[in-house]
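Asks: Line by line, the protein sequences give chains A and B. Each residue of the first sequence is one higher than the last, beginning at 1 in my numbering. Each residue of the second sequence is one higher than the last, beginning at 1 in my numbering.
Where hints are given, some of them may not hold.
If chains are identical, the list can't say which one is meant, so a pair holds when it fits in one copy or spans any two.
What the hints assert, rightly or not - Simulated crosslink set (SDA-like; lysine to any residue; CA at most 20 Å straight-line):
id: 1; residue 1: LYS334; residue 2: GLN90
id: 2; residue 1: LYS334; residue 2: THR248
id: 3; residue 1: LYS334; residue 2: GLY226
id: 4; residue 1: LYS334; residue 2: GLU149
id: 5; residue 1: LYS334; residue 2: GLN211
id: 6; residue 1: LYS334; residue 2: ALA213
id: 7; residue 1: LYS334; residue 2: GLY142
id: 8; residue 1: LYS334; residue 2: VAL154
id: 9; residue 1: LYS334; residue 2: ALA167
id: 10; residue 1: LYS334; residue 2: GLU261
id: 11; residue 1: LYS334; residue 2: GLY309
id: 12; residue 1: LYS334; residue 2: MET247
id: 13; residue 1: LYS334; residue 2: PHE218
id: 14; residue 1: LYS334; residue 2: ALA227
id: 15; residue 1: LYS334; residue 2: ASP224
What the hints contain is simulated information worked out from the structure, not anything from laboratory work.
2 protein chains.
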Amino acid sequence: MAGGITQEELQLAARNHGMPLEALRHDLTPRGLHYLLIHYDIPAVDAAAFRLEVRGRVGRELSLSLADLRERERVDVPVTFECAGNGRAQLDPRPVSQPWLVEAVGTAMWTGTPVRAVLEEAGLLEDAVDVVFAGEDRGVEGGVPQRYERALPVAEALSGEPLLAYAMGGEPLPPQHGFPLRLVVPGWYGMTNVKWLSEIRVLDRAFDGYQHARAYRFMRSDDDPGAPVSRMEPRSLMVPPGVPDFMTRERFVAPGPVRLEGRAWSGWAPVEAVEVRAGDGPWEPAALEPPLGPAAWRRWTFDWTATPGTHVLACRARDATGRVQPDDPPWNVKGYANNAVHRVTVTVRDA
Amino acid sequence: MAGGITQEELQLAARNHGMPLEALRHDLTPRGLHYLLIHYDIPAVDAAAFRLEVRGRVGRELSLSLADLRERERVDVPVTFECAGNGRAQLDPRPVSQPWLVEAVGTAMWTGTPVRAVLEEAGLLEDAVDVVFAGEDRGVEGGVPQRYERALPVAEALSGEPLLAYAMGGEPLPPQHGFPLRLVVPGWYGMTNVKWLSEIRVLDRAFDGYQHARAYRFMRSDDDPGAPVSRMEPRSLMVPPGVPDFMTRERFVAPGPVRLEGRAWSGWAPVEAVEVRAGDGPWEPAALEPPLGPAAWRRWTFDWTATPGTHVLACRARDATGRVQPDDPPWNVKGYANNAVHRVTVTVRDA
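Chain A with its partners taken away, still in its complex shape:
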């Protein structure tokens, strides 16, 4: 990591938070441990007065209460979320924004109703191109006052996967996760999952709002328009073995057999393999458990024999498209999608 973290980055790190990696041992991330990235402030939304407005290039506008949404088809689906900026603080030079190391991830059981059926009821007009999802959270970004808005192309919005979610882990959404309603788009980076969702607006053109035109693009330089960020690259993480030093987070492991474990996911295709490497040894296959669902991580384990000394343990995932985690992080101006191999340094010694 290059240079010191700035006051602005610290302010963001104090508000937002990652998932401590030992929580990888849970299939579903316990409440309060799922990562959080909130662009502006958590808005206070009155659930009783709440309406989801559906408008724009539709045959008929809809205005749906929470009760209306709960009466529709109900889907429960485990989904792994990852922030597009995960790994940003490990890039060099370090893009300045929320300074994630590797913890910006979590998996929850989301409950809601498919976006597709709502759009079908509203009736998309033939000239519909993009579907904008607008949240109640407001602020300023890059000098532009705005509410948080992201769009999906019509084909993605109608794919059947995107969900209007009103529950997380079987309970109403917590305020910080979008109470009372949010979008959940399996497989995409987290910026897609608009929280505090109150409007769906169908456009006859490509959406050019701030979060598409300026943020969330892979830019090689400041004047590169770049390509949009969309689905999650494959990634694996491990539970750091042994015990930590409070301050340095250095890990201490007793000699002998150690079961390493972690989780792996990809937004492009199922994870087909996870490999583990100790020091300069070869990459060796980890044992894989079935995924929790088509859009959720799968657990892996690997039996390692710890010998005295210092070792760098590494893991990497490969998905069915052939995408594999790189040794070195891909760099871009805003620091998105750094899915480099996860490395954990451990000192093996008698306790």
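Please build the complex by placing chain B on the supplied structure of chain A, with the hints as guidance.
Replies: Then chain B, alone, in the frame of chain A:
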């Protein structure tokens, strides 16, 4: 804030997290928004096999299951927690540890059974001096392998307030808040509230474990033995008004009447007054609501008229002992108990 935040501080900030200040609008902090400071890793504790062992200078040792604890007298009490290191990152020079700004706070409804009755049942011997509470979390700190342990003097442990808590917000403790059992000591800084509690050990001498002898002391220099950290100094915080810039967290407020609001607490005595100041104006009294309970924060409000320009809004609390928040933070080697006046800079302009 002096200098850049280090990699080690960032690692801590990525794991631990504060309460976003807009959550001050809630009487009880919603699940997942309460601050968290975890010294080592969150341990996995098997609730079915769990026992709380009570031993040392007692007439008879006890070994209590969770069911045993739940069958005892049940107390529900709202308690405000604050990390002793809250405000550390605003000190100059900045002590290096978890780099809290001001968000390391939260209030929850805790449910459990009084420590006193358990100690009375075990029967403290006449030579009992300190009562040690030991958690299941283990790690290394200052080069010393240890489990997390903190003690209370016998008189404090028997005061009736300390609780063996098995529920938070009416549900079993989340893993990160000490599942299945933790200590809750109303009025004391957070380090006292030992999580993953599994042993109570009564000593015939003052406890000299790491978290007493080396950590959590007010030291003026590295070789100053210092005085122990105990109860929370008075503090008030405000919900930052208006909307933020994502990156800088600068606040923008529309001109006109603005209702400021926040919370105030003290571990020494009830909060008697909160005052608010805008720019170079006088300190003016805020309106105070009753506290949620004797050990929980109270809400305050203040009606301010926003005029175009930049303003520094400040709030400070005074408790019944006469303690008041200082303009400038008190400095000590490890950065504890910085309860300086809370200041929020806002830019007032038409949206």
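Asks: Could you run down the list of hints and mark each one as holding or not?
Replies: Verification of the supplied hints:
In this assembly of identical chains, the alpha carbons of LYS334 and GLN90 lie at most 20 Å apart only when taken from the same copy (12 Å versus 27 Å across copies). Proximity of LYS334 to THR248 under the C-alpha cut-off of 20 Å is restricted to the inter-copy arrangement: shortest distance 16 Å between copies versus 27 Å within a copy. Within a single copy, LYS334 and GLY226 get their C-alpha atoms as close as 11 Å, which meets the 20 Å cut-off; across copies the closest is 45 Å, which misses it. Taking identical chains as interchangeable, the C-alpha atoms of LYS334 and GLU149 lie at most 20 Å apart only when both belong to the same chain, with a minimum of 18 Å there against 43 Å between chains.
Within a single copy, LYS334 and GLN211 get their C-alpha atoms as close as 12 Å, which meets the 20 Å cut-off; across copies the closest is 41 Å, which misses it. In the homo-oligomer, the alpha carbons of LYS334 and ALA213 lie at most 20 Å apart inside one protomer (13 Å), although the nearest pairing across protomers, at 45 Å, exceeds that limit. For a Cα distance limit of 20 Å, the shortest separation of LYS334 from GLY142 inside one copy, 13 Å, qualifies, whereas the shortest one across copies, 37 Å, does not. In this assembly of identical chains, the alpha carbons of LYS334 and VAL154 never lie at most 20 Å apart, being 27 Å within a copy and 55 Å across copies at closest.
For a Cα distance limit of 20 Å, the shortest separation of LYS334 from ALA167 qualifies neither inside one copy, at 31 Å, nor across copies, at 42 Å. In the homo-oligomer, the alpha carbons of LYS334 and GLU261 never lie at most 20 Å apart, since the shortest distance is 31 Å inside one protomer and 35 Å across protomers. When the C-alpha separation of LYS334 and GLY309 is checked against a cutoff of 20 Å, the pair qualifies neither within a copy, at 37 Å, nor between copies, at 32 Å. Proximity of LYS334 to MET247 under the C-alpha cut-off of 20 Å is restricted to the inter-copy arrangement: shortest distance 13 Å between copies versus 29 Å within a copy.
Taking the shortest Cα distances, LYS334 and PHE218 sit within 20 Å of each other inside one copy (7 Å), while across copies they are farther apart (41 Å). Proximity of LYS334 and ALA227 under a CA criterion of 20 Å is satisfied intra-copy only: 12 Å inside one chain copy versus 46 Å between copies. Within a single copy, LYS334 and ASP224 get their C-alpha atoms as close as 12 Å, which meets the 20 Å cut-off; across copies the closest is 45 Å, which misses it.
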